[in-house]
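Undergrad: Each chain, written out:
Number of protein chains: 2
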Amino acid sequence: MAGSLTSMPASVAVLGCGLIGASWTALFIHHGLDVRAWDPNEAARRQLAAQIGPLLAQLAELGTGADRPGRLHVQPTLRDAVSGIAWVQENAPENTALKQALYAEVEAVVAPDCVIASSTSAQTWTGLSQGLRCPDRFITAHPFNPPHLMPLVELYGPDRGTLARASAFYESLGRRVVVLKKDIPGHIAGRLSAALWREAVHLVAEGVADVADIDAALVAGPGLRWSVIGAHMAYHLGGGRGGIEHYLRHLGPSQRQRWESLGRPELSDDVCRRLIEGIAEEAAGRTIEQLEAERDRMLVRLLKERGREGD
Amino acid sequence: MAGSLTSMPASVAVLGCGLIGASWTALFIHHGLDVRAWDPNEAARRQLAAQIGPLLAQLAELGTGADRPGRLHVQPTLRDAVSGIAWVQENAPENTALKQALYAEVEAVVAPDCVIASSTSAQTWTGLSQGLRCPDRFITAHPFNPPHLMPLVELYGPDRGTLARASAFYESLGRRVVVLKKDIPGHIAGRLSAALWREAVHLVAEGVADVADIDAALVAGPGLRWSVIGAHMAYHLGGGRGGIEHYLRHLGPSQRQRWESLGRPELSDDVCRRLIEGIAEEAAGRTIEQLEAERDRMLVRLLKERGREGD
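Order-wise, the sequence lines are chains A and B.
Heads up: the first sequence begins at 165 in this note's numbering, then just goes up one per residue.
Heads up: the second sequence begins at 165 in this note's numbering, then just goes up one per residue.
Looking at chain A on its own, in the form it has when it is part of the complex (with noise of 0.2 Å):
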C-alpha cells in the first residue's frame, strides 16, 4: 500500500445512514469529497439529504471545510455503493453478525487496497475481523458524538500501513486521531465516559446531588477544564512545582483512598427512575430536538475560538 499516504480518496462509500452515517456525511462533503450513501432502509436513504442540511450550516459556520463541497449520492444497493470505491466507513447498528455480513459483500466488490473503516463504539476489531479475507484493511475509527462536531477520532488495527493512511486521511478532514495499542472495549473515550458514569450515578443513588447539579458541576468544573488539559496533565499541574511525581509521592496514597470510596451504582429501577426523572427537571421542557441544537451552537462556537490560533 505504499504511496497511497499521499493519494487521499475522492469519494468515499457510508453504509448505513442513521445519526453517525449521517454525521460522516456531512463531514466528507463538508471537505469536498463525494459520498455514495446507502442504507438497507429506504426511508432513511429518502431522508439523508434533509437530514444532513443542518449539519452542513453548522459545518459553513466554522468554515474549516474544502472550496467546493462534495455531492451526495444515495444509492439503492450496497454493490451500487461500494463499486470502484476506496474507502468505506461502516455505521451499522452494533451487531457483530449484520457487520461481518455486510463486510463479506463490501469485499467481493472492492479493490485490494479499499480500506473497510467501522464506526463501532462498543465492539472490538478482533470480534469484527473474524471471517474477513483482507484482515489488514479493516480498521475500527470511532468518532464521537455528534461526529461532524467532535474532532475525536480512535482507530485501531493491525496493519500499519493502513492505520498510517487512516491517520492521514482523517486528519484531513480536521480530526484529532489517536491510535490505540491494543484492541479494547470502548476504545478510550466510551471507557473515560463509563468510568465517570459510574461515579455520577452513584452520586444521584446515594442522594448526593440531583442530577442537574451534578451534571452543572461537571461542565463548570471538570468538563471545563477537560476541554483545555487531559486528566493526567490536571494531576502533574495540580502537583504543585514538582508536578506529577511530587503528587505520586504526597497524594498518591489518599488518591488510591478515594479510588477504594468510589460507588459501584446498580441500574436498579428505583435508581433508573430518578436518573429518569433528574433529566426531566434538566431538560425542564425542552425537546430533545432542542438540547442538541442548544449543545451544537455551543460546540461550534467554543470550536472556533480553540481554533483561532490553530488549537
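Just so you know, the hints here were simulated from the structure itself, not pulled from any lab data.
This one's a predicted model, so the numbers in the text were calculated from it and none came from an experiment.
One should not assume that every hint holds.
You can't tell identical chains apart in this list, so a pair holds if it fits in one copy or across any two.
With a straight-line cut-off of 20 Å between C-alpha atoms, the simulated EDC-like cross-links for lysine to aspartate or glutamate are [to be verified]:
no.	residue 1	residue 2
1	K468	E458
2	K345	D434
3	K468	E335
4	K345	E441
5	K345	D374
6	K468	E258
Assemble chain B onto chain A, guided by the hints.
TA: Just chain B now, kept in the frame of chain A:
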C-alpha cells in the same frame, strides 16, 4: 441570620496564601472586595501582592469584575486579619487538626454571624466542624483549580441560612454554585475526577495508549463535550429519540458490563514511572509555569466565549 442575604460583605479574610488563597484573593479584589490576607509563613505574606498580579490581569481580560477593584491588606497576625470581618475563606493545608486550631482562633475574635468557609478539597464538613462553638456558621466551599478562572464552587453545610448567604455571595462573584445534599469526601468534582483518572491510569498500565494520547482523546472528545453538557445529559442525547429512558432500557445492560470491565490499577512503581515519563513526553520541555500559562490563556478565551450569551 435573616436579612443577611442582601448584605454582602465588603471585605473578606483570606487565611493561607498558597495557590488557592492567592487565587481567591485575586477573585475577591477583582469583584471590588477588600481582602485581609494572612499566612503563618512570612515569605508567603510578602509575595502575595506580586503573586496576584498575573491573576488580576487574566480576570481583567475576562472583564466581569467591579468598576473599582478592592484593596489588598496583608496582615501580620490572624487576629488582625479576622477582626471585625464577616467572611473568612480558609485555605490552610489539608490537615484537620491544623484547620480546627485556626477555626478556634477565628471564633475567639469574630462576631456571631461571621461565616467561616473552608476551601478544603479532601476533608468533610463533619470532620472539620468538630470543636466549633458555632458549627452553623461553618461551610465547606470548594473551588476548582485554578479557582480565579474555574466557575465551580461546591458548598456543603447543615444550616440553610448560611448556605443561602454563601450561594448569594459566591454567585455575586460570577461563580457557578452547586450545593451538596450530603457530606462526602471529594465532593462531586473530585470524585468524578478520581473515577475518570482511575480508568486513565488503567489504560496506561495496560499499554492501551500513552499518557499524551489519552489526554488528547479526552480533550478532543468527552472533555470538550462535558464543557457543554453534563454526563447524565450526554446519555440522554445518546439514547436517540427515546432519550435516557430508551438508553437505560436498551443499553443499560451493556453499560453495566462496561462498568464491570473498568480497571482497578495499582499505583505501583512501574505504573508511576510510566505516568511520569508519559507526562515528560506530553510536556515536551514546557515547564509547569508554561503549561499553566497555556491552560489559563485558553480558559480565559473559552470563558469569554461562553459568557457572550450569558452562559
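Undergrad: Could you figure out if K468 and E258 sit no more than 20 Å apart (CA to CA) within one copy, between two copies, both or neither?
TA: neither (33 Å within a copy, 40 Å between copies)
Undergrad: Classify it for me, K345 with D374: is the Cα-Cα distance of at most 20 Å met within a copy, between copies, both or neither?
TA: Cα proximity of K345 and D374: across copies only (9 Å, versus 38 Å in one copy).
Undergrad: Give the relationship of K345 and E441 under a CA distance limit of 20 Å: within one copy only, between copies only, both, or neither.
TA: So K345 and E441 pass the 20 Å test across copies only (17 Å; inside, 40 Å).
Undergrad: At most 20 Å between alpha carbons: which applies to K468 and E458, within, between, both or neither?
TA: both (16 Å within a copy, 18 Å between copies)
Undergrad: Go through the copies and call it for K468 and E335: within, between, both or neither, with a Cα cutoff of 20 Å.
TA: For K468 and E335, only the intra-copy Cα distance (17 Å) is at most 20 Å; the inter-copy one is 28 Å.
Undergrad: Within, between, both or neither: how does the pair K345, D434 come out at a Cα-Cα threshold of 20 Å?
TA: between (39 Å within a copy, 19 Å between copies)
Checked against the numbered hints given earlier, the structure breaks only hint 6 and satisfies all the rest.
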